[in-house]
Structure formats: C-alpha cells, structure tokens
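**Q** Read off the chains here:
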Amino acid sequence: MLTEIRIAGFGGQGVILAAAVIGKARAIFEGGYATMTQSFGPEARGGSSSAQVILSSEPILYPYITRPDILIVMSQEAGARFIPELKPGGILITEQELVRVDHMPAGTRAFGVPATRLAEELGRKMVLNIVMVGFFGAVTSLIATEALRQAVADSVPPASQKLNLQAFEKGYEYGASLIEKLREEGETEMVLSFESES
Amino acid sequence: MEDELAASITIQGAVWGGAKAFTVTSGPGFSLMMEHIGYAAMTETPCVFVDVQRGGPSTGLPTLPAQADMMQARWGSHGDYGIIALCPNSPQECFDLAITAFNLSEEFRVPVMLMLDECVGHMTEKVIIPDAAAIDVYPRRFTHLPPGEFRLFEPREDKVPDMVRAGDGYRFHVTGLTHDERGYPSMNVDTQRSSVTRLLEKLQPFTGERALSETADLEDAEVVVVSYGITSRVAQRAIDLARQKGVRAGKFRIISAWPFPEKHIAALAPKVKAMVVPELNLGQMVHEVERAAAGRCKVRLVPHAGGTVHNPEAILKAILEAAE
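Protein sequence lines, in the order shown, are assigned to chains S and H. Counting from 1, position 137 in the first sequence corresponds to residue 137 in our numbering; the numbering is continuous, with no gaps. Counting from 1, position 178 in the second sequence corresponds to residue 1178 in our numbering; the numbering is continuous, with no gaps.
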C-alpha cells in the first residue's frame, strides 16, 4: 500500500526541500521507504516547481504518482493545475493566502494555513515550506511528529536549524489547533484514508 | 570548466597525473564529449562519464527522461573501440555503480559510461553508504618495471597494459594517433590491426561471465522482459501483473549494457517464447537483443519517445500478446 503526495508551487518557495523532508522522515527516521521525483522548468526562481513523494512500507517500483492522496499547493497556478487530479477521499493542503480554491473534487477535504505570514512572523519568509511541513504533519498524522522534526533538523544548514525548527512548530501548532477546533465544532469525518490500491 | 569539451579532456589529464576523475553531463553535452571519449578509448585512459539521459535529439527535453543515448554511448565517437556502460535504476545504485564504474575503468583501462536517465537522476531515495573500509577499490595498476624496461602500451596477459604516473621518472608519450607498444605514433596496417583489435578484445569478458545483470523468475518463464535503468522498475510492475494473470513472465535486467551481454541473451532465447524489450527510445538495445536471440524466440519492442516513463499497462499488454 502506498501514499502518494504531490507538493507544488513556484520555484524559490522550497517545494523540493519540503518534499525531501517528508520523504526523509519516512525513509530514514521511521525506517520505511520513500521515493521523491521532481519536475521544474529551466528557471532558478519563479517558474513552476513540483515534487512527487511516494511513501510505502515496502520498496517502491513505479517512480511517479498517479493521483495524489495528499496535495500540498503553494501557488494559484499549481492549484489550478493539480487540484482536479486529487483522489476521491484525498486531502488538499493550501497556502491559504496564495491559493483560492473555487472547486474541490467530490469527496475531498481541504485544510489551509497562512504559511507565508507565519514564516514572516519568524522573520524569514523563506521558511514557509517548513511551516507547510509542520502543518501537514498535524492535519494528516501520517508521519510521527518526531520523525518529521528530525528530518527538518537533518535537511537544513546548521546555521538555520533553529529557525527551521521554529517554523516547523509554528505550522504544527496551527494545524493541531485547527483540528482541535474542528473537533469541538462536532466534525466527525476526521479519519480519512491515505492509502492507494497499488 | 568552460564547456563539455574541456571537461572531457581535463579529466584525462588528471588521470595521467595520478588522480581518478569523472565528468557528468546530459544530452547535448554528451554529444560534445564524443571526441574525447574516443581519445580515452585510444589512449586507454581510465575515467568515468555520467550521462543523465533526457529526450533528444538536440536540446530536446531538459529535465525529462529518456534512454535514447544508449547507441551513442557505444558508437558515438569515430573508429573501432569499446567502452563499458552501466545502467543504475535507483539512487542507491548510482552510488554503488559509480564505484563499480571506477573499478572497471581501472581494471580494463577504458572510459566507463554511467547511463542514468532524468528520472533516476532527479530521484531522491534512501541510500546506504557503507564504511569506506568496506568498499572494494580496484587500485590503478602501476608498473613495477624500472623506467628503462617499461613500455607504455605493452599489454599484460589480460590484454590491458600497466600505467605510470606523470612525475614518477618515466618518459612517456600519450597520443590519439595509432601508436605502438612504446606509445609512439606508428601509423601502419599492422599496428592499427593489433592495437585496435586489442581495444575490443580486452572487453570480451563482458559479453558473458563478467556481465552484470539482475534476473528473477527465469526458471519457468515463457516471456522474459529485458529492460534496464528506470524502465526495469516499471517493467517489474508489469511482470507482477502478468504473473497475477497466470502468464509466466520473467525478468532479465541489464546492468552492464555495453559490451552487450549477448551470451546470456543467446542462452535464454531458445528457452522462452518471447522477449519483450521496453525502452525509453524508439528502438535501440532491442536491436542487440534481436541479434543475440538470432530468431530463436520472438523479440518485441515496447517503444516510448521519452518525457516520462512507460505506463506499466503498455508493457503488460506486450507480455500478454507475446505469450499467446
């Protein structure tokens, strides 16, 4: 059984690093398997950027995702392109101040986080990707929080480790309180399936 | 380096100075390196070229996969010569086969091509790196003869000559011209025949006993999927699906693509109904499979022009049709 994740945005937002952190958390710190592939245009910044991560308990053969169980989008363009591909029962995670969602595929759920603003509150807009990773960890509970935290620490330069861990906690707390709020409001459909058939 | 021509010859200068060296490129850069790949083959300079294959020809599809440089890797420079080419299918194998590539380049004194594709090239997976002490390294075989007795291109029993290092007191001359065992230009019919023949003959073990491959389910196979690189992972899914449908499919995954493992394919051909060859090109290694199978089984190409990997269903369909 596989979980297929796509993370997309524009170049410079740290899309690839966010995907690498999630894959590393599963493959290295939880002892499972993960495969990440990426696609981007020739531009260094500003072009579209997208990464695919497959998580599994077994070695992964086919390297690409077919339809994502979880879609994380950080730009309107990425949203327009990839939201229609989201699998029924899947989860959409957005940078809510950069992506307006007009239409959700049937049977999917969306969670938004103002990741850029939260990152700016920490003094560095560039850690928005790690805010997104923290938020992803809290709303999906797919990967142990400690494994994600270790993967963040292991993936960034020592000088910015503290800042990135703060960004992770900020995103995580935002997600955890959102989930708590939904529970209090009587939300019952919190348990979702992330598993693909093959 | 200013460009691929410079990179591909600079590594060879480094090698003659005693270092191990490699260079990495994709698509058009590989085309630019062809002249110096021929120079490495002719001067028997051990070095490694990594080609991360994208769709072509020309600028083609930057950052999208293909496997369409396979014939170029073998034949891209002019003249008769041989090279070794290895095809990893994962980041772990990129690590492992990079070591193998260096080792084989030293043992056989040839340029070794590490033929990735964009998918494997941009892939991130868990890689286990062993302790340095646990890694087998084939050391350069420097001569033990004194300067007065050493001849630069005098082959040993395995048809490979020993090397020297610049600055160690040996006078030597390295040239792309046809040269005699002393290394000096000797442009005549006899020297051409003996030296160029040796460049090919020293790699003969890779057609059989030294070939690197990965096989599964061959014992009872009626259809064998012959694949390499990223396509071997996609093919494995098709093989599993075929087995679920009751078709006895097997796997022959080529790891050393050049010299082509023709003895293995020739031995397998009479035992099976068909070989299915998926590749991210419009037909390259399939010609080698056909040549080695020599009509003793059907050979069926599953082509793909590149830009992504095969749909496993396309390979499955070919397996099912080939089994009929």
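The hints are simulated quantities; they were obtained by calculation from the structure and are not laboratory data. Treat the hints with care, since some could be wrong.
Computed from the model, here is a short list of chain H residues facing chain S with C-beta under 10 angstroms [unchecked claim]:
| # | residue |
| --- | --- |
| 1 | C1119 |
| 2 | L1177 |
| 3 | V1234 |
| 4 | Q1236 |
| 5 | V1247 |
Result set (EDC-like, lysine to aspartate or glutamate): computed pairs, CA atoms no more than 20 angstroms apart in a straight line [claimed, not checked]:
| # | chain 1 | residue 1 | chain 2 | residue 2 |
| --- | --- | --- | --- | --- |
| 6 | H | K1273 | H | E1209 |
| 7 | H | K1159 | H | E1107 |
| 8 | H | K1126 | S | E146 |
| 9 | H | K1126 | S | E58 |
| 10 | H | K1245 | H | E1262 |
| 11 | H | K1317 | H | E1262 |
| 12 | H | K1159 | H | E1219 |
| 13 | H | K1126 | S | D154 |
| 14 | H | K1126 | S | E180 |
| 15 | H | K1298 | H | E1262 |
| 16 | H | K1263 | H | E1201 |
| 17 | H | K1317 | H | E1201 |
Every residue gets a Cβ at the ideal spot worked out from N, C-alpha and C, and that includes glycine.
**Q** Next, verify each hint and record whether it holds.
**A** Evaluated hints:
1. C1119: At 6 angstroms from the nearest chain S Cβ, C1119 of chain H passes the 10 angstroms test, so the hint holds.
2. L1177: violated, 41 angstroms
3. V1234: Because about 6 angstroms separates V1234 of chain H from the closest Cβ in chain S, which is inside the 10 angstroms limit, the hint holds.
4. Q1236: It holds, given that the least Cβ distance between Q1236 of chain H and chain S is near 5 angstroms, below 10 angstroms.
5. V1247: violated, 18 angstroms
6. H:K1273 with H:E1209: violated, 24 angstroms
7. H:K1159 with H:E1107: holds, 11 angstroms
8. H:K1126 with S:E146: Cα-Cα ~18 angstroms, so holds.
9. H:K1126 with S:E58: holds, 12 angstroms
10. H:K1245 with H:E1262: violated, 30 angstroms
11. H:K1317 with H:E1262: Status violated; Cα separation ~26 angstroms.
12. H:K1159 with H:E1219: This hinted pair is violated, its Cα atoms lying about 36 angstroms apart.
13. H:K1126 with S:D154: holds, 14 angstroms
14. H:K1126 with S:E180: violated, 34 angstroms
15. H:K1298 with H:E1262: holds, 16 angstroms
16. H:K1263 with H:E1201: holds, 15 angstroms
17. H:K1317 with H:E1201: Measuring from Cα to Cα gives roughly 40 angstroms; hence the hint is violated.
Hint compliance for this structure: hints 2, 5, 6, 10, 11, 12, 14, 17 are broken, all remaining hints hold.
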